[in-house]
Amino acid sequence: MKYLPLVWSSLFRRKIRTLFTLLSIVIAFVLFNYLSAVSVAFSMGVEVAGSDRLMLIHKVSFIQLLPESYQTRILAVDGVDHVTHATWFGGVYQDPRNFFAQFAVEPEGYLELYPEFMLPDDAKERWYRNRTGAVVGRTLADRFDWEVGDRIPLQGTIWRTESGDTWEFTIDGIYDGAEQGTDTTQFLFHYDYLAEANSQGRGFVGWYHLRVDDPSRAVQIGETIDRQFANSPYETKTSTEQAFVQAFASQIGDIGTMMTAIMIAVLFTILLVTANTMGQSVRERTSELAVLKTLGFTDGGVLSLVLVESILIAVVGGTIGLGLSWMIIQQGDPTGGFLPAFFVPPEDLVLGAGLTLFLGVASGVLPGVQAVRLKIVDALRRT
Amino acid sequence: MLRWFQQTATIIGLSLRSLPQRAGPSIVAVIGITGVVVTFVAVLSIAEGFNAVMVNAGSPDTAIVMRGGSNAELNSALALESTRLISEAPGVRRGDNGPQASAELFVIVNIPKKSTGTDANVPLRGIQSAAFEVRQEVHIVEGRRFTAGTNEIIVGRAASNQFAGLELGQANRWGENTWTVVGIFEADGTISESEIWCDAAVLQPAYRRGSTFQSVMAKLDSPETFQSFKDALTADPRLDVQVERETDYYSSQSSQVRGIITGIGTVIAALMGVGAVFGAINTMYNAVATRTREIATLRALGFSGSSVVVSVLVESALLAVIGGVIGGGVAYAAFHGYQTATMNFQTFSQVAFTFTVTPALLLQGATYALAMGLLGGFFPAIRAARLPIVTALRDL
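If you read the protein sequences in the order shown, they are chains A and B. Residue 19 in the working numbering sits at position 19 of the first sequence, with consecutive numbering throughout. Residue 1303 in the working numbering sits at position 303 of the second sequence, with consecutive numbering throughout.
Pulled out of the complex, with its shape left as it was, chain B reads as follows:
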């Protein structure tokens, strides 16, 4: 056994030392795999960034209440009496200022994107003061909170970066009102940062909503209270509502975009992977072919077939991993932290997010590369081991 390891180590050393002689085709194989890994990581970093905003958004002890069957805030409508009933329901956490529940309006306003100058649907949320207690991750980083009853707005950091006219102090005319940005807020990179906030009481007349709202965001005593809270509301004959955990709500609201990104991404990565494996197979066959004599000589000297197999596989895997590491590096350098915004079809509104290349993604990329390398090296390795020694030596 030990002998076998020694043999294998010797051959691996030999093949790696002769690698520079086969630099051309080896580099090409590395480039092929690099390309695949760059794409793989880049596409998944889009999904990852989007997830960071939508899926990690919300906390398990926050509930969102909408009209029954509306599925999204945009479709919902709740009368003032309903929002009061919801706020007073058992399970809602009570602070110094009463129940920690905010009845909200959610509308869309056309604002040009900075990058293209074309109109985008930016979400505008009318809130009540309890919203800051419900969403504790939200904090003002520039300026101040809006004054209740005025046409002042505060803007999420990501929205301020992506859309025109949303910097501190700027005024915007939407419909018949002029809105002034008095503050910029951050929310740990979650969906709220894509939004504009204002006083719900001001937004109601501006959007002709009378005294109605669209949702109630409620902080619960604990995540476990959710079920009893939900049961209490759905059993109430005065209410027709659907109750969801905030976390579940955002996750389901983004399922289609995530589906599209991962759907297309998977097809691309799979196709390219196959292409790269073909490339690797060609390279390794070639490597084996040019080393025919060397391998035959080793075999004649008594080196075992299996150690030859391993050496070919190791070479192939090494080339692939080099490609994988370079690819991951390129993807990280080129895409990590890239800020952009896309439209979430389910809410018709813009979600700003950042491409995120996580260590887990890099590891996945490298693993994928390794798999391609092993697959690409397999058949050439078998051939190398099966090489008829005598003919191969005669081939001189």
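Isolated chain A (complex conformation):
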């Protein structure tokens, strides 16, 4: 500790260089956090998918509808604990650019299956009773400044009412996510409203969500269900929610991977440049270090002085960078609410912290060792 002033003064020896090195590190770690948020976004929240939940869709593609009558048949399959369905509505709120997902669901059944959608009890009651009611996620409500009680008109694109085009909904509640990655951008409303008011009649739903009592048998149960509907006009494809989300995410394809790869390359470029600059500042002071050794500093002492300096600058820069980007990312994703999951997972923050330490050590150790190996006489002669 008593050498702190020494470290301090060497850091301030070239204020501008220290400042810019620090800023480079800040930028590198802002990028790092941003990178992990982007890759989370492109994986579409696969981390938060439930392991005991399955998705059942039409085998040919998920845009094809399935008979409503499948519900009881699925529930009869051994190991299936709960079944509910959802239907894509695809309505437009004011302008097609205001895109968000709307699902027609069975309110009680859906919330039972998704306990991570947290809704106050009074809101639940209100919604269950109100056929034209809807509940929306917190992120979505914030995006359009919606409050409970607001009336929301949605223009039907796929689904038309008998009379005209606009569907009216009342917001009965705003749900919060139990976890960081929970999708709070959904708009949920009664399937009964859709089924009764649309011009095509009822009897069909988009897909089924089901829960099994034993997650380890999930895949097997899925196969049993698919076998049951094989060779019917509506063949099915059941997969675990995780596998479904993963497949959906991989539809976006290499773009996510590519961006991640690019950003990793860049991160390392910046770190390389920074480490080099830091190393250089040590090399410049060769003669000073030699003086210190003349004064009786041990090799270990000189090495730790250099290391403390480089670690200090890396950790300070890294902390500012991680903190700053965390604040930026809290503001939401750069596409204006289109990527539902946009956050930095805690383990990446830990990794980032580890990386700052690594940067500090890596950039200090080489010049540090050079300084240790230095023969005092040679070093002093060099000036």
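Hints listed in this document are in silico derivations from the structure and should not be mistaken for laboratory results. Among the clues, some could well be false.
Some chain A residues well away from chain B (every beta-carbon gap over 10 Å; in silico) [claimed, not checked]:
1. R17
2. Y34
3. Q64
4. D78
5. V92
6. F99
7. R131
8. G156
9. Q180
10. E288
11. E347
Partial selection, computed: residues in chain B whose CB lies under 10 Å from chain A [as the list claims (entries may be wrong)]:
12. P1060
13. N1071
14. I1108
15. F1278
16. F1378
17. P1380
Predicted, not measured: the structure shown is a model, and the values here were computed from it. Just so you know, even glycine gets a beta-carbon here, dropped at the ideal spot from N, CA and C.
Once you've looked at the hints, dock chain B against the given chain A.
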């Protein structure tokens, strides 16, 4: 004035000749800028490639007609009578086989991606024979057109490359039918190449669509006819339709994906640019510091401050441009022509495209590099010019 130029040229020559002595930090600065430019060009080449497919798709004299308020073909539904009314509307070009308008179905079918083996939503389009007259860019490159009334399909070149089971002669079981690939077509690299085509009349029963369609693609007499065509259809009380130019339609259909790519890309490129400028500033300060004596000597000999400034800026800009050129080259070598497919959220279907590094992008990359270099060199250059000569010389 002439004297000033001579001075400046001399100093620039001097500093460039001494550049090898400062090779280490200079190379690091070049690497930093190279990294930025590679990323910048790579990310924009994704957007560029996507644009080439979606935005440049379609021609201004082609109109797409869908049910009113449906916004996308996938959501639309048109009754047979409506499609007839649309085809017969004034302004639709008439060829030897009647109006050049094709009533179409647009559905999605799950097909595994070759690269990952996971299911992807591939668009399957049911067409009428006029489709080939409406989309003149489409031509068969392998095999032949499908025979009307059969379960034969033709596949776009890009779709055939990206998805499994879509090569000539292969058969696919989708739902209750088996579809055989009898032809591969190209369409100047536009969106159609991501699609599978078949006879609309065969697709209707296979997807239980009765006699309905989803859109009508109509070739107009000329691009100017569009407005009167649109007015005629929207004024017709028997129809509830929205009419768009094909070009506008594809452009709006891709706005979100383009927004995401450019949104994220811009943030990344800007952040990295700032990082690289910091790196360049450090390098140039360092360069000035090591040349303190030299610069002071020159100043003592009567060289002007401004010529020193220019020389530092030139060095910095040169390093940056070298980085920019290398970066552009690396990006071109690594990414140009890379074929991939992504999902267009607005249509839920796959769009195959190719990363495209255009000369304009390379120029942008180099310009960006130059800007970073000038910015990075600015403050060090000012410092070099302000160097107190006497102290600097005493510093020996």
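Hints versus structure:
no.	hint	in the structure
1	R17	violated, 6 Å
2	Y34	violated, 7 Å
3	Q64	violated, 7 Å
4	D78	holds, 27 Å
5	V92	violated, 7 Å
6	F99	violated, 7 Å
7	R131	holds, 23 Å
8	G156	violated, 7 Å
9	Q180	holds, 20 Å
10	E288	holds, 16 Å
11	E347	holds, 22 Å
12	P1060	violated, 22 Å
13	N1071	holds, 5 Å
14	I1108	holds, 4 Å
15	F1278	holds, 4 Å
16	F1378	violated, 13 Å
17	P1380	holds, 9 Å
When each numbered hint is compared with the structure, violations occur for hints 1, 2, 3, 5, 6, 8, 12, 16.
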